[in-house]
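Colleague: Here is what each chain is made of, one letter per residue.
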Amino acid sequence: MKNPAGGVSLPRMQRWMQEVVVHPGDIAEAVASPSARKALGRAAIEDVILPSRTLEPADRVGIYQGMYLMRMEEALESDYPGLKHLLGGHAWSALVRDYVAAHPSVTYTLNRLGDHFSDFVAKWPGAKRPELCHDLARLELAMAEVFDAPQTEPLSDAEIAAVPPESWERARLAPIEAFRLLSFHYPVNAYLQSVRDEDHNHPDLKRKDTYIAIYRRDYSVWRHDLSQAAFDLLTDLVAGKPLGKAVAAALARGGKRAPTTDQLFRWFREWAAGGVFKSVRLR
Amino acid sequence: MGNRFQFPDLGVGVGLRTVHFGHILEKWPKVDWFEVISENFMDTEGRPLWVLDRVAERYPVVLHGVSMSIGSTDPLDRAYLKKLKALGKRVRAHWISDHLCWTGVAGRNVHDLLPMPYTEEALRHTAARVRQVSEILERPLVLENPSSYVEFKDSTMTEWDFLTRLAEESDCGLLLDVNNVYVSSFNHSFDPKEYVDGIPADRVVQYHLAGHTNKGTHIVDTHSDHAIQEVWDLYGRSCRRTGNVATLYEWDENIPEFEVMHAEALKAGAFREQAVLAAAR
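Chains as they are written, first to last, in my numbering: chain A, 96 to 378; chain B, 13 to 293.
Fair warning: there could be bad hints in the mix.
[What the hints assert, rightly or not] Just so you have them, the derived chain B footprint on chain A, three or more residues with Cβ under 8 Å:
#	stretch
1	132–144
2	159–172
3	192–202
4	301–315
5	323–332
[As the list claims (entries may be wrong)] Keeping only pairs whose Cα atoms sit at most 20 Å apart, straight-line, the calculated DMTMM-like set for lysine to aspartate or glutamate is:
#	chain 1	residue 1	chain 2	residue 2
6	B	Lys165	A	Glu141
7	A	Lys133	B	Glu181
8	B	Lys165	A	Glu151
9	B	Lys227	A	Glu226
10	B	Lys95	A	Glu141
11	B	Lys94	A	Asp243
[To be verified] The following label-pair restraints were derived from C-beta to C-beta distances:
#	chain 1	residue 1	chain 2	residue 2	range
12	B	Pro87	A	Arg192	24 to 34 Å
13	B	Arg90	A	Asp299	44 to 54 Å
14	A	Asp357	B	Arg90	49 to 59 Å
15	A	Ala196	B	Leu88	25 to 35 Å
Keep in mind the hints are simulated off the structure, nothing from the lab. Beta carbons: idealized from backbone N, C-alpha and C, even for Gly.
Chain B with its partners taken away, still in its complex shape (with noise of 0.2 Å):
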């Protein structure tokens, strides 16, 4: 089963993050394809870019994105997606994403994921401005599921239900991130099942995978771990309903050794594999 977008299954990638670049540059790890921060990329002609450039032209890369703000009510950055589109065309990216969040309003950044309160309003906004977007890069948005710490009281539907709709009004795709999912499960006490399930599985083109730390009261998407078993299990599920999807281990605090976590991102072939061949019997 593919998705509707035609994306490619690139296969079990790991983030491009500068602590690996003389490990990249010297060993040419077998890596599937690569994940990069697009704003790490978009203002610099120095060695990150140097380097992009030469993991590009041995490498799928995917551009992710944490800066589109997608669902603020400020106006698009049109200079950001210029910039962003020119990236992508540069290292050929297979495809564009971003979260569903706002990062800031009346011109500040916060330079965080803020969530979005579920309501009509808010689905009518964003999905206009994924399909303004997509218009501008010439190609399908795709939008992450965040992982969040609030919930709203005016939202009137679950994010799962809101994804899919916004996914389906402005025909973007989807990247999943079950970790994201496994966190504001936690936070906001939904089963993370049910929200997997809800998922237009042909919409999906890529998942993220990842650690976090729990507090204890709450859980904090840190991506500074291994992924737990519970995140494990909720990928195979998932996997069963979309088949085989590219997917990507993130790490981004107390990074370990490029090995350790390319190991990490390999798990999830297999659970993949396992995922694909018990839905196919």
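The shape of chain A in the complex, shown without the other chains (with noise of 0.2 Å):
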């Protein structure tokens, strides 16, 4: 396909710089790419790109070529800094380059380009610690959805004071949008949060079941660590499952998880004051 003056046309260049653009090789591998070629037919690099002066043309599309990877990188790593910390900054090229010929982005926003990273680190061969990383890229991914969701007003104290005593057993309690409940298999909130704080005695990264809530308040993301009695209470009031309930299947797990009345009372405090909840329903 030509253009009407005679050159190579509009679609067609622009398939084949996007070719050459995104290969993950060097820019003579990214040209000599069975795609570049297919884009190009059998125009040579030299018909589209003229040399400047101090470059040839390879080296000029190059440009945008080493460009395109680190873009990637910074995107990536302003959602995933923990991820990219533990791996390091070599294996983190390494997964972000696997990762976007995967997954390239298909959107006009960069918002988008991890959605599919926690799952992806899961399997990429080269992860040392596969289910860890999957645990650490799930809860960045949590906080970066956070920070992002819709604004949902939680409920004020008036509207909890407003709720007859007699009524809690039946009340349904709706979380905001801005929340996520999380499960994981290592205590990644905590690595997480001595690499925010730039401490390197990192937690020890043995297996330990841990659970966090995530919410947005006063447009900053809270993580708040919870107990597996607190998660599965929570776990059970944000599936739509009535205040007494909830709490009865809470008392009713017995042994260490369940929880003491006193607790309740105190996360109950907690999670209102935190403004995980936007609605309370009594039918």
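Now that you have both chains on their own, put them together as the hints suggest.
Modeller: And the structure:
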């Protein structure tokens, strides 16, 4: 396909240049790649790009190609600083290169670039501890989602006070949009905090079940460590179980996981004060 | 002398950047106006949008995008344009700009401002899309000249001729980035003065100024430093033709304290006043 003036058509030129820019190899490999050659047909790079007084055509396109992966790394690093720290710079670059080859950006926003990142790293051959990487990436993805989530007003003190005491048993609580509840097999929240604090005495990353609520309050993202009992109760509540039934289930779990009455009151105070719930429904 | 769109001269502004949110909210600095990167605020209801709403209550705001991909041969992204239009309305944006470039094809986005060949085919294609976008946004689109690192063998006209014809055929405004002119003039060995002299003055509604990184063999548009004297001179030269036009200093890498960035922007005030006085003599 040629343009009406006889050169390479605009669609073909753009397809070719994109194939070169996103190629993960060096510029010579990118230009020689089957996808780039297919896009350009029988034309050579010299038929498309002029040399400058200092650079050959391939070097000039190579400027864009080099910046592509840098930009992808920067975008993902802004949401996954903990994972980058855990992997180290070399492995991180390799992970990003492999990830964007498998899941290139398909929207105008880089906010969605990491949507598949946690699942990808769980299966990535370069990860020495894939389950740990998966946990950490899930935590960082949830934080990014909470940061940008729709704004919903939390229950006010007056709305909470308006619920008759005898009605709380059948009350169903709904969380705000900017809320996530997660469980992990590793203490990734403590690890991430040490990275953010630039504290090089990272916590021991031995396997240990941990639980966390992440929510936005006053436009800041908060991470709240939970006991398993609190996590189970909150899980039931956000799933829509009436408060009475959720509490009964918590008490019935027995053993170390059963909360005391004092704990239940404290949790509710913390969650309500944190603005975790947006509505209470009594039917 | 004003521009043909009657867009106001907003004075000298700076980019609204996350690292300066705290300073701005605390000090409410004396700044003429802010330019915001549209895409940073289109898909969030978190702190960035909250800050932007506060800023828009106190300062004039202009939206500047990087993802419209006006030159792409993919279809226009109407969902994106709908959000952009809504954001412009929300912050009462004085105008909405993007770049003469493409950012991806075949459904992909490489998130770079990729250059266009300056051909009749590209001109017809881009002009038609600019007209469509202006209709959708219900306001004239403003397009910025990009910095570039390649030249296409098929190009049949200079970049400034392409921009001039594009602006006239699609009736769009121009955001003249004089640093980009300088960067591209170094990379492609043309005279930057000829470029700024060739742009239709009455279509220039905004200027961009920035620093860059000279790699020896080429210059990269990094927005990481103070502007060099040649860029300031080019700006003054262009102001003599356009009169006072809203001017913004961009700083996106190694971003300094707000006052440092603002001081660099304020240099533009002196340059443009001198230039306009010189032109009046």
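Colleague: Run every hint past the structure and note whether it holds.
Modeller: Status of each hint after checking the structure:
no.	hint	result
1	132–144	holds (count 4)
2	159–172	holds (count 6)
3	192–202	holds (count 4)
4	301–315	holds (count 3)
5	323–332	violated (count 0)
6	B:Lys165 / A:Glu141	8 Å, holds
7	A:Lys133 / B:Glu181	34 Å, violated
8	B:Lys165 / A:Glu151	13 Å, holds
9	B:Lys227 / A:Glu226	42 Å, violated
10	B:Lys95 / A:Glu141	40 Å, violated
11	B:Lys94 / A:Asp243	19 Å, holds
12	B:Pro87 / A:Arg192: 24 to 34 Å	29 Å, holds
13	B:Arg90 / A:Asp299: 44 to 54 Å	52 Å, holds
14	A:Asp357 / B:Arg90: 49 to 59 Å	56 Å, holds
15	A:Ala196 / B:Leu88: 25 to 35 Å	27 Å, holds
In terms of the numbered hints stated before, the structure departs from hints 5, 7, 9, 10, listed from lowest to highest.
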